[in-house]
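Protein sequences, first through last, are from chains A and B. For the first sequence, the positions run 1 to 338 when the working numbering is used. For the second sequence, the positions run 1001 to 1723 when the working numbering is used.
Among the hints, erroneous ones may be present.
Where chain B lies over chain A, by a calculated footprint (3+ residues, C-beta under 8 Å) [to be verified]:
| no. | stretch |
| --- | --- |
| 1 | 176 to 190 |
| 2 | 259 to 272 |
No more than 30 Å apart at the CA atoms, straight line, and that leaves these computed lysine-lysine pairs for DSSO-like [what the hints assert, rightly or not]:
| no. | chain 1 | residue 1 | chain 2 | residue 2 |
| --- | --- | --- | --- | --- |
| 3 | B | Lys-1233 | B | Lys-1542 |
| 4 | A | Lys-83 | B | Lys-1233 |
| 5 | A | Lys-84 | B | Lys-1051 |
| 6 | A | Lys-72 | A | Lys-83 |
| 7 | B | Lys-1473 | A | Lys-285 |
| 8 | B | Lys-1663 | B | Lys-1542 |
| 9 | A | Lys-282 | A | Lys-267 |
| 10 | A | Lys-129 | A | Lys-84 |
| 11 | B | Lys-1542 | B | Lys-1473 |
| 12 | B | Lys-1050 | B | Lys-1542 |
| 13 | B | Lys-1473 | A | Lys-72 |
| 14 | B | Lys-1605 | A | Lys-72 |
| 15 | B | Lys-1051 | B | Lys-1473 |
| 16 | B | Lys-1051 | B | Lys-1542 |
| 17 | A | Lys-293 | A | Lys-267 |
By construction, these hints were calculated from the structure, which means they are not laboratory data. Because the structure is a prediction, the values reported are computed rather than measured. In this text, a Cβ means the ideal position worked out from N, Cα and C, and glycines have one as well.
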Amino acid sequence: MPSRDRPRALYGLALICLCLAGCQARSVWLFHPHGAVAAAEFHYTVIDFAIMILIVGPLLVATALIIVRYRKGRNARYDPHFKKSRVLEALMWGVPIATVGVLTYFSYQAVYLADPYDPTAIPRSLAEKSRPPPTAGRTSHFAAYPRSNGTVRHGPQVDVNVITTDWQWVFIYPRTGITTVDRLVVPVDTPVHFRLTSATVVNDFLIPELVGEIDIMPGMRTKLAMIASRPGNYRGYSANFSGGGFSWMGFTTTVVSRRAYRAWTRKAARAPDRMTYAAFDKIAKPTINLAEKPMYFSRTQKGLFDHVIRRVLTGRVYETPLRMTENMTKPLYVKVLH
Amino acid sequence: MFVHLQGSWNPIYGRLSLHEIPFKTQIIQGAFFFVVLTALAVLTAITYYKKWRYLWEEWLTSLDHKKIGVMYIVLGLVMLFRGFIDAVMIRSQQVMAIGPHSAGYLGALHGYLPPYHFDQIYSSHGTIMILFAITPILTGLMAIMVPLQIGARDLAFPYLNALTFYLTAAGAALVMVSLFVGDFSHAGWVGLIPLTELPYSPDVGTDYWMWAVQLSGIGSTLSSVNLIATIIKMRAPGMGWNEVPIFTWTALSTSVIGVTAFPVLSAALFMLAADRYLGTHFFTASFGGDLMFYTDLFWIWGHPEVYFVVLPAFGIISEVIPTFSEKALFGYTSMAVAALAIAGLSWMVWLHHFFTMGAGPGVNLFYGAATMLVGVPTGVKAFNWALTLYRGRLRFDAPMLWCLGAYALLLIGGLSGIMLAMPAVDYSVHNSAFLIAHFHSFMLLITFAAIAGYQFWFPKVFGFYLDDGAGRKAFWFFSAGTLAVFGSLYALGFMGMTRRLDYIPFVQWRPPLIAAEVGIFFYCVASYYLVRQLYVGLRDRKTRPAGADPWATTRSLEWLTWSPVPAYNYPVLPVVHGRDEWAWRREHEYVDRVPDHYFDIVMPKNTSVPLLLGALSFGLGFGLVWRIWWLCAVTIAGILLVVIIRSFDNHTEHTLSAALVAKLDGGEGGLPDAPGSVNPYPSPMPVPFFAKTGAVSRCADRVASTLREGVVAPGPLGKGARR
Ligand code: HEM
Ligand SMILES: [Cu+2]
Chain A
1 MPSRDRPRAL
11 YGLALICLCL
21 AGCQARSVWL
31 FHPHGAVAAA
41 EFHYTVIDFA
51 IMILIVGPLL
61 VATALIIVRY
71 RKGRNARYDP
81 HFKKSRVLEA
91 LMWGVPIATV
101 GVLTYFSYQA
111 VYLADPYDPT
121 AIPRSLAEKS
131 RPPPTAGRTS
141 HFAAYPRSNG
151 TVRHGPQVDV
161 NVITTDWQWV
171 FIYPRTGITT
181 VDRLVVPVDT
191 PVHFRLTSAT
201 VVNDFLIPEL
211 VGEIDIMPGM
221 RTKLAMIASR
231 PGNYRGYSAN
241 FSGGGFSWMG
251 FTTTVVSRRA
261 YRAWTRKAAR
271 APDRMTYAAF
281 DKIAKPTINL
291 AEKPMYFSRT
301 QKGLFDHVIR
311 RVLTGRVYET
321 PLRMTENMTK
331 PLYVKVLH
Chain B
1001 MFVHLQGSWN
1011 PIYGRLSLHE
1021 IPFKTQIIQG
1031 AFFFVVLTAL
1041 AVLTAITYYK
1051 KWRYLWEEWL
1061 TSLDHKKIGV
1071 MYIVLGLVML
1081 FRGFIDAVMI
1091 RSQQVMAIGP
1101 HSAGYLGALH
1111 GYLPPYHFDQ
1121 IYSSHGTIMI
1131 LFAITPILTG
1141 LMAIMVPLQI
1151 GARDLAFPYL
1161 NALTFYLTAA
1171 GAALVMVSLF
1181 VGDFSHAGWV
1191 GLIPLTELPY
1201 SPDVGTDYWM
1211 WAVQLSGIGS
1221 TLSSVNLIAT
1231 IIKMRAPGMG
1241 WNEVPIFTWT
1251 ALSTSVIGVT
1261 AFPVLSAALF
1271 MLAADRYLGT
1281 HFFTASFGGD
1291 LMFYTDLFWI
1301 WGHPEVYFVV
1311 LPAFGIISEV
1321 IPTFSEKALF
1331 GYTSMAVAAL
1341 AIAGLSWMVW
1351 LHHFFTMGAG
1361 PGVNLFYGAA
1371 TMLVGVPTGV
1381 KAFNWALTLY
1391 RGRLRFDAPM
1401 LWCLGAYALL
1411 LIGGLSGIML
1421 AMPAVDYSVH
1431 NSAFLIAHFH
1441 SFMLLITFAA
1451 IAGYQFWFPK
1461 VFGFYLDDGA
1471 GRKAFWFFSA
1481 GTLAVFGSLY
1491 ALGFMGMTRR
1501 LDYIPFVQWR
1511 PPLIAAEVGI
1521 FFYCVASYYL
1531 VRQLYVGLRD
1541 RKTRPAGADP
1551 WATTRSLEWL
1561 TWSPVPAYNY
1571 PVLPVVHGRD
1581 EWAWRREHEY
1591 VDRVPDHYFD
1601 IVMPKNTSVP
1611 LLLGALSFGL
1621 GFGLVWRIWW
1631 LCAVTIAGIL
1641 LVVIIRSFDN
1651 HTEHTLSAAL
1661 VAKLDGGEGG
1671 LPDAPGSVNP
1681 YPSPMPVPFF
1691 AKTGAVSRCA
1701 DRVASTLREG
1711 VVAPGPLGKG
1721 ARR
């Protein structure tokens, strides 16, 4: 698996001052989102943390001061009967409840902005891109909650159907008939709409820098949408444990310019192998794709995604053999792709 | 057979064969020799010192709630040790297996644990720590302290108490056996569905997990019933709801959760068992099964469960902080209300464990808000503790330090919990190291509090002090370890690291992983000091006896009786006058009161039936795991038979005569009461705790006793060592 190379010095620094160095380092993926959805999620992470630290921080400091001050033998004021106070008790219930109120309001904004099925962060960011924002910087938090304005439907968009197997990712581009394994290629600044299902067990789709998680469940279909704001390679993987090959269940997301994307599509559509249910069935056998070697197929069978769901609903399972990953160096049962 | 099994099966051995015993795996060999050697050493020691009889009569068959409590705690500590070893292995694997160029040993491509072993280890780590370490330790503390705190002679159902202990022990034994015979589940402590279904977990690991959890779950349900009955029905005269000590309040609240939530888990596990054994389709993806149904059921238990373990911890903190602040707990009513509110709210939030399942924004928003609401009573507790410290006279004995550590962890864990409660935030860190750090903040809060409780009440139960210095050193190292390990995991969460990784694909995650490994080293040092603390305490027990009130500023009722606590807890049941009875008596200078009358005390006889039932349940579990049907049939028949036979036994109690109680209690002013008066709280006990045996006569019938109205009930005279 290709690793992202970072200057060695950074490791040492991070070791010494983990937090500070960590926040600076681009390797803290969640702090450096490259897509509107991930950015919205990060934004509200910061707000949530800021509000909470407003309460927790002073409380911690106050407690520390109390501990220092009222240590026995320091002859600070001792009042054994200080055990009740209407005002303080009203405050200690009231303040947290009010905080929950505020936080709920922000949750309410965020839950629509980052809604996996229809994240309004995407049309928002597109709208902001197409016309200069009235006030530079971001919009007020107290604006009416953002509503989907339909931009998604009109502009260019890419649809991808995702099927997880034990332990690979199958990406189907229904419009072009391309199917890729363990490699996702999408154009920049273009909404990508996923439909996801699993042929075996539950997985979670996650590309930390681009979009948060959504469950991928066998026999069911979930949806997710994302948009990438910068070309590059981004790591994606499953966040929900799915068996022996789970640690190696990653894929690379390559974000390219729209032009390069068209070129890639043309090239990939000429891949010699056809993707049919029979071909899928073979891929779905338990396989650990150690080196994440991508595969490309063209002329994908129509409705393959729905067909896989139907087959799972009617009892198709891909049994994992007993003790499959007990000895990884001489894999007896498991197919390992190097 | 209703289902297709991989591997062989025969009617005698079921799925079991020699092949299932992993001789060839070096690590398991090591563990095996360690266990065998330890067991041999213990058995030899018991035989050498001729303690078998003592062990059998004084502990294994005892129905004394304090002894059962101690056994609960010992079981919890043994499992804590096992869980800790698992943790060390997980951290070491993760620090070794970073990047494609890391070396591999023992059949692993990277590190030293191939996924097959690693996955079992983290699953057993979670299962053990939550259900077989923390839970027994807390249940043990509650079993010991609740009757003492409310002035009862025992729990409402002493026999049931022993039974629940042995059910838990049977579950723990199943988990331990899985190490050497067969394998353990790989699907996490939560039993990820449909990974736990037969096609994806064809071996017996899931069955071990399922039946072990089932047994301990039944144990927890029943022990909750026991505690609720005790707290509602057996409070000492004068103890209204306003005088109930706060630890007992949390015990009540926890038990309400226990009795309502655990049956849900049992039901879910039985359905899973049906899937795996009978080929039904409750939770499969196919044929109309619904896997989210399992996830729902699991978390409908699972979230209340996390509060089930945290509430007693809150209770302990609320007892320790006032003692070492030398003042009453601030906001008693708020605290009690908060405990109950947590129990109530904890039912409304389970969906936050799967915000990412694709529910609509409205649903997620609702559960997010509900989750934040749970943070309110939790926050109230923190404010109350801070105000208890305020204007106190703080002493930093070891228990107090551990509680302050727990307090800090509460704030950190609460903060990250509220972050996770925002659905949009959760989308980015669900199932990540951040989540791991969140709940370990709370789990370690519980551990800190449990250690505080153990150190706080140890002198009460055993009559001598633990070593304070070692206890404090342990605290500092433990805190350093916690900071290093979970600080790193919080950071790793933001770096994108997910949980349950056997191999770490990205080298930029190495620095925090190394820091976490250093933390493990601190934990090891801390464990050394914890052992040393006990050792020094035991060594110097003659010279450091604890009086009735070993900390001199304790407050609640349990400090009124002798240390160590006699079998019957209170020679005469006390009458309660205030919220903190012992503090009340101290303030009003009533500490020197002794009983002027003693009464006959009825106590249950020892019985080996619970032990037998535990052993049979273990056999049943083992039979089910390996599908040895004859064994299941035999053990089920055995269980029924034992229960029926026991139900015909009418001589389950014996009486300590008033004269004997008077003698044991020092004899001052002790007079047998007039016969025929009725004891309103007949709570029976076996032989005295740690007192000389033989002093107890086993009489047949019970004689009742009562307390005289208006008389301040006695406390031991001058028996408290005042420091
Ligand atoms: C302030 C109160 C709390 C809040 C707001 C809170 C919030 C949350 C949330 C939202 C999650 C789900 C995260 C996810 O799966 O993505 C979670 C997970 C968890 N929490 Fe808490 N929590 C709180 C208190 C506690 C307490 C008191 C405990 C335990 C003693 C606890 C133990 C756990 C555990 C064990 C998990 C994860 C289980 C798993 O997936 O393996 N939490 N918490
Ligand atoms: Cu929860």
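Comparing the hints with the structure gives:
1. 176 to 190: violated (count 0)
2. 259 to 272: violated (count 0)
3. B:Lys-1233 <-> B:Lys-1542: The hint is violated at about 38 Å.
4. A:Lys-83 <-> B:Lys-1233: Answer holds: Lys-83 (chain A) to Lys-1233 (chain B) is near 28 Å, not above 30 Å.
5. A:Lys-84 <-> B:Lys-1051: violated (52 Å)
6. A:Lys-72 <-> A:Lys-83: Holds. Lys-72 (chain A) to Lys-83 (chain A) sits at ~18 Å (cutoff 30 Å).
7. B:Lys-1473 <-> A:Lys-285: Distance ~54 Å between Lys-1473 (chain B) and Lys-285 (chain A) Cα, so the pair is violated.
8. B:Lys-1663 <-> B:Lys-1542: Between Lys-1663 (chain B) and Lys-1542 (chain B) the Cα gap is close to 23 Å, so the pair holds against 30 Å.
9. A:Lys-282 <-> A:Lys-267: Judged against 30 Å, a Cα distance of about 24 Å means the pair holds.
10. A:Lys-129 <-> A:Lys-84: violated (57 Å)
11. B:Lys-1542 <-> B:Lys-1473: holds (23 Å)
12. B:Lys-1050 <-> B:Lys-1542: Holds: Lys-1050 (chain B) and Lys-1542 (chain B) sit about 22 Å apart, inside 30 Å.
13. B:Lys-1473 <-> A:Lys-72: holds (20 Å)
14. B:Lys-1605 <-> A:Lys-72: Judged against 30 Å, a Cα distance of about 47 Å means the pair is violated.
15. B:Lys-1051 <-> B:Lys-1473: Between Lys-1051 (chain B) and Lys-1473 (chain B) the Cα gap is close to 33 Å, so the pair fails against 30 Å, i.e. violated.
16. B:Lys-1051 <-> B:Lys-1542: Answer holds: Lys-1051 (chain B) to Lys-1542 (chain B) is near 21 Å, not above 30 Å.
17. A:Lys-293 <-> A:Lys-267: holds (18 Å)
Checked against the numbered hints above, the structure breaks hints 1, 2, 3, 5, 7, 10, 14, 15 and satisfies the rest.
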